[in-house]
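Q: Take a look at the letters that make up each chain.
Number of protein chains: 2
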Amino acid sequence: MMEFDLIDRIRARVVRRGDVRLGIGDDAALLVPHATERLVAACDTMNVGVHFPPDTAPADIGWKALAVNLSDLAAMGATPAWALLSLSLPQPDAAWLDAFLDGFSELAARHDVALVGGDTTRGALSICVTALGFVPHAQALKRANAHPGDIVCVTGTLGDAAAGLQRWEHPAPDAGASADAEAHAFLRRRLARPTPRVAAAAILRGRARACIDVSDGLVADLGHVARASAVAIDIDAAALPASNALRRLADAAGRLPLQAAGGDDYELAFTVAQIDCDALLADLIASGTPATRIGRVRDGDGVALLDPAGNPLPVPRGWRHFAESAAT
Amino acid sequence: MMEFDLIDRIRARVVRRGDVRLGIGDDAALLVPHATERLVAACDTMNVGVHFPPDTAPADIGWKALAVNLSDLAAMGATPAWALLSLSLPQPDAAWLDAFLDGFSELAARHDVALVGGDTTRGALSICVTALGFVPHAQALKRANAHPGDIVCVTGTLGDAAAGLQRWEHPAPDAGASADAEAHAFLRRRLARPTPRVAAAAILRGRARACIDVSDGLVADLGHVARASAVAIDIDAAALPASNALRRLADAAGRLPLQAAGGDDYELAFTVAQIDCDALLADLIASGTPATRIGRVRDGDGVALLDPAGNPLPVPRGWRHFAESAAT
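Read top to bottom, the protein sequences are chains A and B.
First residue of the first sequence? That's 23 in the numbering used here, and the numbers climb one at a time after it.
First residue of the second sequence? That's 23 in the numbering used here, and the numbers climb one at a time after it.
There's no promise every hint is true.
If the Cβ cut is set under 10 Å, some of the chain A residues that face chain B in the computed set are [what the hints assert, rightly or not]:
1. LEU53
2. SER108
3. GLY139
4. THR142
5. LEU154
6. ALA250
No wet-lab data here; the hints were simulated from the structure.
All residues carry an ideal CB built from backbone N, CA and C; glycine is no exception.
Make the full structure from the sequences, and use the hints.
A: In structure tokens, the structure reads:
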């Protein structure tokens with residue numbers, strides 16, 4: 023199978039959009055930008071053995087490679103439009119590719135994202151996706167825009183993906199009750215198929231102040247917001263939202279490191295002016311996106327995790343690429 | 023060294039443009055599209071051992087990873103504006119990264135291309151670049167637009183990169199005369215630092231008909247044009263432009279396979295209506311881009327390589343990714 027056959031397989035499954043004048047099959051894509059909006063662009067790569075275990079289902083890899091980029095756009099308040107996919111495979115494998123495209127295309131169709139270009143090459147398994155989207159002028163959500171007094175909130179639940187990975191890497195000898203098995207499956211699915219918060223982004227833009235997606239871990243990611251905004255952020259550890267599955271499998275002490283430092287949840291952490299917070303949370307929840315207050319922005323620097331008495335807790339470290347090799 | 027240090031190193035060397043509202047350092051870049059033009063997007067990956075030998079100088083890798091994408095934009099007639107870079111490295115290496123950025127930044131500065139995003143990850147050495155640019159509405163150069171009767175032309179010279187790679191992989195025992203050594207160095211440089219035909223693209227758009235960049239080999243790439251346009255293309259083998267360096271090191275019989283099937287030259291092959299051809303070539307040459315007539319479009323299908331008597335010559339095969347593994 024040649025590169026061109028791979029490209030035909032991919033092209034056969036692409037979402038069609040009116041703003042794509044020329045998609046896959048020429049030297050580059052020709053696209054009609056939204057004249058009055060900002061173009062938003064993100065590019066993230068996933069490598070085997072680093073971002074996903076080698077035995078990950080190809081459909082899940084396809085879903086997640088797109089999801090992490092749609093999540094980056096959502097963190098800016100943007101709605102996605104187009105994607106480019108650069109796929110490196112150790113050898114051509116039609117069955118693998120079709121399964122990969124099942125996952126990629128399912129998520130692309132859900133958000134009307136047209137795959138408009140990219141390439142296929144030989145190499146270690148690696149997936150690089152560029153996502154392009156739009157946000158109305160002046161409504162983009164920047165990390166640098168948190169203000170002292172803002173409320174800090176997060177969508178969905180935290181720690182699920184990290185718990186899912188933990189149990190994948192160290193499976194329990196006995197899955198126990200079937201309710202436990204269901205909880206495991208839920209956590210595993212949260213890791214494998216994160217939900218980019220595209221719908222929430224359309225509600226948050228122009229209303230939230232700062233925003234980031236939780237990919238490296240809540241404390242680490244809010245650390246980026248605090249640094250960029252030159253503020254401090256206090257997080258109420260007891261307020262961190264946990265899924266029923268995570269509650270079932272871990273007590274509060276076991277959950278906290280997963281929720282505060284576990285990555286890969288792809289929820290949106292955002293700040294909002296206190297006066298706007300109730301209405302914004304109500305609109306999110308009414309639209310089907312759970313969202314929870316978890317802290318407060320104040321003058322200062324750094325991110326603190328506080329117990330119910332307001333005393334600082336030790337902050338677990340988030341995941342960092344290259345952390346392992348840097349330590350040697 | 024952490025991912026964030028790598029990002030700081032990269033950010034310090036970025037071209038500044040007024041249409042970048044937010045570049046590296048947030049979840050995604052915020053860009054101002056050109057309202058009346060088409061957005062043009064291309065994404066190509068280079069993997070160690072596949073697209074470049076492991077002993078390639080990092081500065082050359084940086085240059086070429088951007089060059090191949092600017093070449094794709096040029097083949098659409100587009101002027102580049104922004105790029106995203108996703109870099110996978112086996113381990114963090116500041117010296118390698120700085121050298122890589124020397125090459126990448128030199129080419130980016132030459133064409134005023136702002137690096138606006140991307141990521142750094144751990145993995146086998148792999149460089150994925152997405153290039154974004156613009157072409158005025160209705161002036162884009164598409165593969166599917168070749169017409170019977172068009173003249174086929176190519177910029178620059180052909181076969182240099184393939185000859186450079188051949189001599190890299192099989193060095194001559196003795197470099198011989200110093201003029202030979204100079205010729206070797208020229209060919210090697212053509213392979214390592216291809217010149218994307220950005221200036222030519224601005225002249226060709228709206229005036230040429232079909233266009234493609236020569237990455238897989240002239241016959242293979244014109245094959246894409248012929249298929250997309252549902253035409254046949256005849257190439258006059260004796261007309262293929264050769265550099266003095268290639269002429270010095272190979273006779274006509276030795277040059278032909280390199281010129282017809284060697285990849286990686288990143289010249290533009292284009293078709294133009296016969297009536298427009300003289301003026302277009304004159305404008306290209308006046309602007310500093312050599313360009314040569316090499317053939318003709320006619321009814322039919324396929325690409326034929328003709329000797330001076332008009333008899334078909336055997337067509338050497340071009341490079342295809344996956345070709346080796348597909349053969350096993």
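Q: All hints are to be evaluated individually against the structure, with a verdict given for each.
A: Now for the hints, and whether the structure bears them out:
1. Look at LEU53/A: its Cβ gets to within about 4 Å of chain B, closer than 10 Å, so that hint holds up.
2. With a least beta-carbon distance of about 4 Å to chain B, the hint placing SER108/A at the interface is held under the 10 Å criterion.
3. At its closest, the beta carbon of GLY139/A sits 6 Å from a beta carbon of chain B; the interface hint therefore holds under the 10 Å criterion.
4. Taking 10 Å as the C-beta contact cut-off toward chain B, the hint placing THR142/A at the interface holds, the least distance being around 7 Å.
5. Restraint check, LEU154/A versus chain B: the minimum CB separation of about 7 Å is within 10 Å; hint holds.
6. For the restraint placing ALA250/A at the interface with chain B, the shortest Cβ-Cβ distance is roughly 7 Å, inside the 10 Å limit, so the hint holds.
In this structure, none of the earlier numbered hints is contradicted; all agree with it.
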